[in-house]
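Below are the chains, spelled out letter by letter.
2 protein chains.
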Amino acid sequence: MSADFRADLLTSGLLVDSGVAGLYARSGTFEKVVRGLEDLVSSAGADQRAPVLHFPPVIPKVVLEQSGYPRSFPDLLGAVSVFEGDEELHRELLELLDQGQEWAGLLSSSQVTLSSAACHSLYGSLSGRLPAGGRRFEVFGHCFRNEPSLDPARMQAFRMHEFVYVGEPDGAVAHRDMWLERSADLLSSLGLPVETVVANDPFFGRAGRMLASNQRSEALKFEVVCPIQAGEPPTAVASSNYHVDHFGAAFAIESADGEVAHSACVGFGSERVTLALLATHGLEPARWSARVRDLLWP
Amino acid sequence: MSADFRADLLTSGLLVDSGVAGLYARSGTFEKVVRGLEDLVSSAGADQRAPVLHFPPVIPKVVLEQSGYPRSFPDLLGAVSVFEGDEELHRELLELLDQGQEWAGLLSSSQVTLSSAACHSLYGSLSGRLPAGGRRFEVFGHCFRNEPSLDPARMQAFRMHEFVYVGEPDGAVAHRDMWLERSADLLSSLGLPVETVVANDPFFGRAGRMLASNQRSEALKFEVVCPIQAGEPPTAVASSNYHVDHFGAAFAIESADGEVAHSACVGFGSERVTLALLATHGLEPARWSARVRDLLWP
Numbered sequence: 001m002s003a004d005f006r007a008d009l010l011t012s013g014l015l016v017d018s019g020v021a022g023l024y025a026r027s028g029t030f031e032k033v034v035r036g037l038e039d040l041v042s043s044a045g046a047d048q049r050a051p052v053l054h055f056p057p058v059i060p061k062v063v064l065e066q067s068g069y070p071r072s073f074p075d076l077l078g079a080v081s082v083f084e085g086d087e088e089l090h091r092e093l094l095e096l097l098d099q100g101q102e103w104a105g106l107l108s109s110s111q112v113t114l115s116s117a118a119c120h121s122l123y124g125s126l127s128g129r130l131p132a133g134g135r136r137f138e139v140f141g142h143c144f145r146n147e148p149s150l151d152p153a154r155m156q157a158f159r160m161h162e163f164v165y166v167g168e169p170d171g172a173v174a175h176r177d178m179w180l181e182r183s184a185d186l187l188s189s190l191g192l193p194v195e196t197v198v199a200n201d202p203f204f205g206r207a208g209r210m211l212a213s214n215q216r217s218e219a220l221k222f223e224v225v226c227p228i229q230a231g232e233p234p235t236a237v238a239s240s241n242y243h244v245d246h247f248g249a250a251f252a253i254e255s256a257d258g259e260v261a262h263s264a265c266v267g268f269g270s271e272r273v274t275l276a277l278l279a280t281h282g283l284e285p286a287r288w289s290a291r292v293r294d295l296l297w298p
Numbered sequence: 299m300s301a302d303f304r305a306d307l308l309t310s311g312l313l314v315d316s317g318v319a320g321l322y323a324r325s326g327t328f329e330k331v332v333r334g335l336e337d338l339v340s341s342a343g344a345d346q347r348a349p350v351l352h353f354p355p356v357i358p359k360v361v362l363e364q365s366g367y368p369r370s371f372p373d374l375l376g377a378v379s380v381f382e383g384d385e386e387l388h389r390e391l392l393e394l395l396d397q398g399q400e401w402a403g404l405l406s407s408s409q410v411t412l413s414s415a416a417c418h419s420l421y422g423s424l425s426g427r428l429p430a431g432g433r434r435f436e437v438f439g440h441c442f443r444n445e446p447s448l449d450p451a452r453m454q455a456f457r458m459h460e461f462v463y464v465g466e467p468d469g470a471v472a473h474r475d476m477w478l479e480r481s482a483d484l485l486s487s488l489g490l491p492v493e494t495v496v497a498n499d500p501f502f503g504r505a506g507r508m509l510a511s512n513q514r515s516e517a518l519k520f521e522v523v524c525p526i527q528a529g530e531p532p533t534a535v536a537s538s539n540y541h542v543d544h545f546g547a548a549f550a551i552e553s554a555d556g557e558v559a560h561s562a563c564v565g566f567g568s569e570r571v572t573l574a575l576l577a578t579h580g581l582e583p584a585r586w587s588a589r590v591r592d593l594l595w596p
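From first to last, the protein sequence lines are chains A and B.
FYI, in the numbering used here the residues of the first sequence are 1 to 298.
FYI, in the numbering used here the residues of the second sequence are 299 to 596.
Treat the hints with caution; some may be incorrect.
[Claimed, not checked] Far from chain B by the CB rule (all over 12 Å, computed), these chain A residues: (1) 159; (2) 193; (3) 244.
[Stated by the list, open to error] With a straight-line cut-off of 35 Å between C-alpha atoms, the simulated DSBU-like cross-links for lysine-lysine are: (4) 221/A - 32/A; (5) 61/A - 359/B; (6) 359/B - 32/A; (7) 330/B - 359/B; (8) 61/A - 32/A; (9) 221/A - 330/B; (10) 221/A - 61/A; (11) 330/B - 61/A; (12) 330/B - 32/A.
It should be emphasised that the hints constitute simulated quantities derived from the structure, not laboratory data.
Source: prediction; values computed, not measured.
Even for Gly, the Cβ is constructed at its ideal location relative to N, Cα and C.
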């Protein structure tokens, strides 16, 4: 494992620096690993017979609001603003631009924001009564987190691949537990030295510290972690979460018995798993062991 | 071809409405077509030996500014704002949220904006002197356009797959012309009733009308158009553009002889080509002709 993994990624061209911390272009080789991984994870969940949904990088602003994200993670969200002015306001914008001054103040709030988690978009479409046994979905999406960082495993824009369950409480717990084991097994089969740990989300502020502490003591969130950068603690590459009735209540989703629905999801961080593979097996996927290559590109 | 293509797409589940005009989730079947198409376009450009770059949906704000997009298309851009406050400002945000009032005014401009065109990100990394003969790139990216519409072919979030040339003027014109023919041939081979037309970008305002008119009279932009919705004019599914020295000047890119570099790009709209295929061949890709299926999924 390299002492300066980020420098190696840039030198090899697997990532290309954009000039903004945590924002990169990815090479064709990097994407080939992501695609193989997406297919492998899909295969691992094929028995779920879950409809597949691909969400765009932006979501309705009302969905972000309903999800509770601005309450719990205001520092990480990204809102979108747009220009709704006439030619006069446009001249003002151009003057500010020419003077190198901030012009975003002339913009208005859009009906969309950046997506913070792939499954948020899903809950917005599930309001109402679910069938008995709940529903499962396989979900892909681009996410944004406002946390500029030089750690290549902490990108501002990244992808999540999730399996989501919405329905009865016991179904949600079973989904979380089954996927925790299955995701750790899948990542181990790729030769990654993963471990499973209890974890918490990075809730904001003092009230957030209590939420994080509760989440841990109730063991709602587990992460599958893997070393990526030498000398640093291992990084979460997947997580399996039981949301209790958070999203059910937020989006008025009911289980078949008329109770507020419970939900759970497992999420694989596509870029993070790819980085873990590159850190573990080297920067040339064509030279990875036949066992790993056959799993990713059967 | 259907009288209400949007309704058919939603009923079939190929697209799922988000509640915001022009914003959809896409089904696994829809994405299977997109992926097949991406591979087919990549094959068609394999002789270019162009390095592949996948760009995230957000780009550095300075790149958007340098690209000239806020000058020419202010009404289409999407800026990103983030929360940089403390717990007190957060309480204010939550109060506004609880009262159903606009809270985006408490946010600050981010260092990133939504990407408006896949190739913008590329030019930002090319400042300096190019080798003789210029350089070619194959580029993938998510784009955002602030144009809420019920036309399924006019999404707010969509993907572009491009081949870009940056270098000498004659190389740029040759790239544009070669790809105009090649893209029309490729789309015809998929059974799409395409035509090639001179076109212009939707420049903003009165000054914009002149820019659009110049672009047309100099025949800088060509579109490959295809009928998608019965009774409506055909929609651009690909375009081939000669930018003259616009991006070379904006990003200080020089050709080998020290002149301002010229550039050209061909862009395929992944969602639009997919919609054209669905409109032309029906909503069940598994039942498309063997010829089309073999091209997409060899």
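Structure-based check of each hint:
1. 159: 9 Å, violated
2. 193: Given that every Cβ of chain B is farther than 12 Å from that of residue 193/A, nearest at about 27 Å, it holds.
3. 244: 21 Å, holds
4. 221/A - 32/A: 30 Å, holds
5. 61/A - 359/B: 21 Å, holds
6. 359/B - 32/A: Measuring from Cα to Cα gives roughly 28 Å; hence the hint holds.
7. 330/B - 359/B: Given that 35 Å is the threshold and the Cα spacing comes to 33 Å, the pair holds.
8. 61/A - 32/A: 33 Å, holds
9. 221/A - 330/B: 32 Å, holds
10. 221/A - 61/A: 26 Å, holds
11. 330/B - 61/A: 28 Å, holds
12. 330/B - 32/A: 16 Å, holds
Checked against the numbered hints given earlier, the structure breaks only hint 1 and satisfies all the rest.
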